[in-house]
Amino acid sequence: MERIVAAAKKEGRLTMYTTFAEKDQPTLIKPFEAKYGVKVNIWRAGTDKVLQRTLAEAAARKYDVDLIHFGSPEMEALSREKILQAVNSPVHKDLQPGSVPAHREWAATLLSVWVQVYNTQLIKKGDLPKTYRDLLDPKWKGKLGIEAKNQDWFASVVDVMGGGEKGLKFFRDLVARNGISARTGHTLLNNMVIAG
Numbered sequence: 001m002e003r004i005v006a007a008a009k010k011e012g013r014l015t016m017y018t019t020f021a022e023k024d025q026p027t028l029i030k031p032f033e034a035k036y037g038v039k040v041n042i043w044r045a046g047t048d049k050v051l052q053r054t055l056a057e058a059a060a061r062k063y064d065v066d067l068i069h070f071g072s073p074e075m076e077a078l079s080r081e082k083i084l085q086a087v088n089s090p091v092h093k094d095l096q097p098g099s100v101p102a103h104r105e106w107a108a109t110l111l112s113v114w115v116q117v118y119n120t121q122l123i124k125k126g127d128l129p130k131t132y133r134d135l136l137d138p139k140w141k142g143k144l145g146i147e148a149k150n151q152d153w154f155a156s157v158v159d160v161m162g163g164g165e166k167g168l169k170f171f172r173d174l175v176a177r178n179g180i181s182a183r184t185g186h187t188l189l190n191n192m193v194i195a196g
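As numbered in our numbering, the sequence shown has no gaps in its residue numbers, which increase by one up to the final residue, 196.
Check the hints yourself; a few may be wrong.
[Claimed, not checked] Cross-link-like lysine-lysine pairs, in silico, PhoX-like; alpha carbons within 20 Å at most:
1) K23 to K9
2) K149 to K49
3) K39 to K9
4) K82 to K62
Because the hints were derived from the structure by calculation, they are not lab data.
Being a predicted model, the structure only gives us computed values, none of them experimental.
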């Protein structure tokens, strides 16, 4: 760790590409800069742009970025492209199980909490599904919707439902039996639920 900090101080800056909300960046960056005396330069954009820029720069052998902070599906894309390198950090042992994949090329820094919404005028609380598998019941036919760009949620459910092909099979079965309306935008989906 000391060697890395010394090298970063010599370079004088750390360049970070992130999707992290601008208003929340000081919470993460200021303590780091104070502790290590290294200035953090941030480039913030949407997930697609961070991924595209990182891939384009790697293809051009331009290595300006030191740290990339965005979702796990995109980090796995960078891993598949052989852009990342394994990291051994003493703090990995303090993280929740599953936060560091077996290849150790990245570590999760945020915990996403996914919630479902339903129209209380149309569905009684006692009738709500208790598990994802309950959504296979025919009573949910034509009543399911998802946000089209929530890859993190999708990957999480695939994992919960057995991972890999088994998890994907759950979604194929669900769509075949009950259909899913995939829409872009959480507000749109919420309005559709409200409208019934």
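(request) Please work out if K39 and K9 have their alpha carbons no farther apart than 20 Å. (result) 9 Å, holds
(request) Mind checking the alpha carbons of K82 and K62 for me, to see if they're no more than 20 Å apart? (result) 14 Å, holds
(message) Between the alpha carbons of K23 and K9, is the straight-line distance 20 Å or under?
(response) 26 Å, violated
(request) For the pair we were handed, K149 and K49, check the Cα-Cα distance against 20 Å. (result) Holds: K149 and K49 sit about 14 Å apart, inside 20 Å.
In this structure, the one hint that does not hold is number 1.
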